[in-house]
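With my numbering, the residue at position 362 of the first sequence is 357, and numbering never jumps.
I should point out that these hints are in silico values taken from the structure, not numbers from a laboratory.
One should not assume that every hint holds.
Derived DEER-like restraints, expressed as beta-carbon distance ranges [unchecked claim]:
no. : residue 1 : residue 2 : range
1   : 113       : 235       : 16 to 26 Å
2   : 108       : 22        : 43 to 53 Å
3   : 272       : 38        : 48 to 58 Å
4   : 210       : 423       : 19 to 29 Å
5   : 246       : 272       : 13 to 23 Å
6   : 407       : 83        : 54 to 64 Å
7   : 307       : 472       : 50 to 60 Å
Below are the SDA-like pairs computed for lysine to any residue, each with C-alpha atoms no more than 20 Å apart in a straight line [said to hold, decoys possible]:
no. : residue 1 : residue 2
8   : 226       : 471
9   : 565       : 630
10  : 565       : 623
The structure displayed is predicted, hence computed values, not measured ones.
Virtual Cβ for every residue (Gly too), placed ideally from N, Cα, C.
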Amino acid sequence: MPQITLPDGSNRQFDNPVSVMDIANDIGPGLARATLAGKVNGNLVDAAFVIEQDAAVAIVTGRDEEALELLRHDAAHVMAQAVQELYPGTQVTIGPAIEDGFYYDFAREEAFTPEDLVEIEKRMREIVKRDLPIVREVMDRATAMRTFGDLGETYKVEIIDDIIPEGEEVSIYRQGEWFDVCRGPHLPSTGKLGDGFKVMKVAGAYWRGDSNNAMLQRIYGTAWPDKKQLKAYLHRLEEAEKRDHRKLGRQLELFHLHEDAPGSVFWHPKGWTLFNLLINYMRKRQEDAGYIEVNTPDVMDRSLWETSGHWENYREHMFSTQTEDERVFALKPMNCPGSVLMFAQGLKSYRDLPLRMAEFGKVHRYEPSGALHGLLRVRHFTQDDAHIYCTEAQMEQECIDVIELILDIYRDFGFDDVVIKFSDRPENRIGSDEIWDKLEGALINALDSMGQAYKMFPGEGAFYGPKLEFVLRDAIGRDWQCGTLQVDMKQVDMNLPERFDISYVAEDGNRHRPVMLHRALFGSLERFFGILVEHYEGKFPVWLAPVQVVVMNITDKQAPYVEKVEKMLKNQGIRTISDLRNEKVGFKIREHTLQRVPYLLVVGDREVEEERIAVRSLGGEDLGSLAIDEFVDLVKQ
RNA sequence: GCUCAUAUAGCUCAGGCGGUAGAGCACUUCCUUGGUAAGGAAGAGGUCACUGGUUCGAUUCCAGUUAUGAGCACCA
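Using the sequences provided together with the hints, build the complete structure.
Next comes the structure, spelled out in structure tokens:
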């Protein structure tokens, strides 16, 4: 005799065990039709789930967040059914709901073609139309393994064997002839999927995410409660593509890439101007924060990399050279060893600590070809790197200062909610747990004492130490690590202070090993640049715009005055160009607007006469006629 | 690195079931001197990514290489 408590606090009494659907029916037939699933005591369950005891129940309909995930998971099942109907012999593996959609990984000799995807989507719509009831069944483990084994579904057998503990039952979801191992829950029938889905693309993916395993074919789809939301999503994707930094980089003449230098950037004048603005900005912020700036060699002897451990661990990702005399050098993949040599030069006292040593270091890494991605993943990039040498007692405060600095800097670029990832000790690591406790503690204490939220990524730290990552998102929702903070301390293998045997003289007159913090704020200047382009859609704020002002004439008569204005503005440090081409003013305005120049100055006879300029903003707003110095104030404010 | 796809003018893209290619924009010259998102005309511009194979003949078909794109793996 279960008593059901609904979200509004009301109670309903039933004489016999009831399903979620029964309850919905009891409330009203309209609700029953809309019912997709239920929530019993907070757990998401099928609509057919039977409740035997008193419980808090909520009916889940298309309006609820949870329904969307079910919908997407269902879409994956329907797609798998469609694929197996169309291409017998294809094995199913796994197919979860993901952000914005779903995917399913298939094992099949032949590759799926774009035409196949069209057919698959067609068949999916058919299956939806069939409105097959989705029914949960249970099998004991052995039967399940035999059933799937008989079907030749070796991957499924492996999943059951691996995931389901011995003696436990396996839940199976069936829709028509087709069924799959699944934890559930699911929608009541395939018809509930509606028409808000679309098969998007096919790509390779390793079985169980391990590159030693076979490569499967992953088909991605997107699914939404209705067609309208699907359209809105596809529209968002289109809009995002317009922000792509690779596209804008070409259109705005910022940079280009070339086949002969994969993963390295050719910076054009405007891009390089912006790049240098970023460096100048960072230089100022670091100087204010008590950093000194140095520069270390790009090419250093192999023995240095052997000492640092990079040769052993990352050799295949390093660019190396052999000279006539057979000496082997490597292009630096990191700045740390150079920094350590800098620290080791001369005697350091505790009075020098904390020593915050920054470097705009050009590093080269031979990244796997498939990893390269515009400016966001390159082989040659510039780090705004710094190493802070300090005592153990100073460590935590230094961490706090770094985190505050990063967040403050990101705010200057309009990134207000930065995701902080905290990656702690991985399974394969070196160093004692005691040291790991200390290292992780330093970072966590710093975050906690600031009241700063962060996301835990258990086991994702580097093998030699935990790390903090500051993550920014690109136009189409991919996350990229930008800033980082890592602690490097005694007895851990990568430990550079130990490997290079550096020390400082403490108050007691003895030599002590410093703690070393590795940190980068932008991270990679190239990557940050790319993210910025997408973030602003190329419409940089005035202080970052490579060209801040274009002065243009209406007829040749005003040319001398235009040149005079250009000179005056340049003397004020304003990045100005003039456009004296024999073109109509509308044409020039269009061009420079497309180039996202913040201010356009138009000069005709009136302006020459009055010694003024007509000012137009990037948004198309007419700011009226201003005197030169008035305009200078406007730009500089 | 792996799977799939793509590579034609500076850019965006057509095209050809094998007979060395075309548009728009950009570029050059001329006309036009025009007040806030495209004035007009003419011209120039291509080893059809690279290497090899098949063929009388390859930009087109085949193979390999390189680069790029999507995803996976990787990211000190």
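Okay, the hints, checked on the actual structure:
no.: 1; hint: 113 - 235: 16 to 26 Å; verdict: holds, 24 Å
no.: 2; hint: 108 - 22: 43 to 53 Å; verdict: holds, 48 Å
no.: 3; hint: 272 - 38: 48 to 58 Å; verdict: holds, 53 Å
no.: 4; hint: 210 - 423: 19 to 29 Å; verdict: holds, 24 Å
no.: 5; hint: 246 - 272: 13 to 23 Å; verdict: holds, 19 Å
no.: 6; hint: 407 - 83: 54 to 64 Å; verdict: holds, 59 Å
no.: 7; hint: 307 - 472: 50 to 60 Å; verdict: violated, 37 Å
no.: 8; hint: 226 - 471; verdict: holds, 16 Å
no.: 9; hint: 565 - 630; verdict: holds, 12 Å
no.: 10; hint: 565 - 623; verdict: holds, 12 Å
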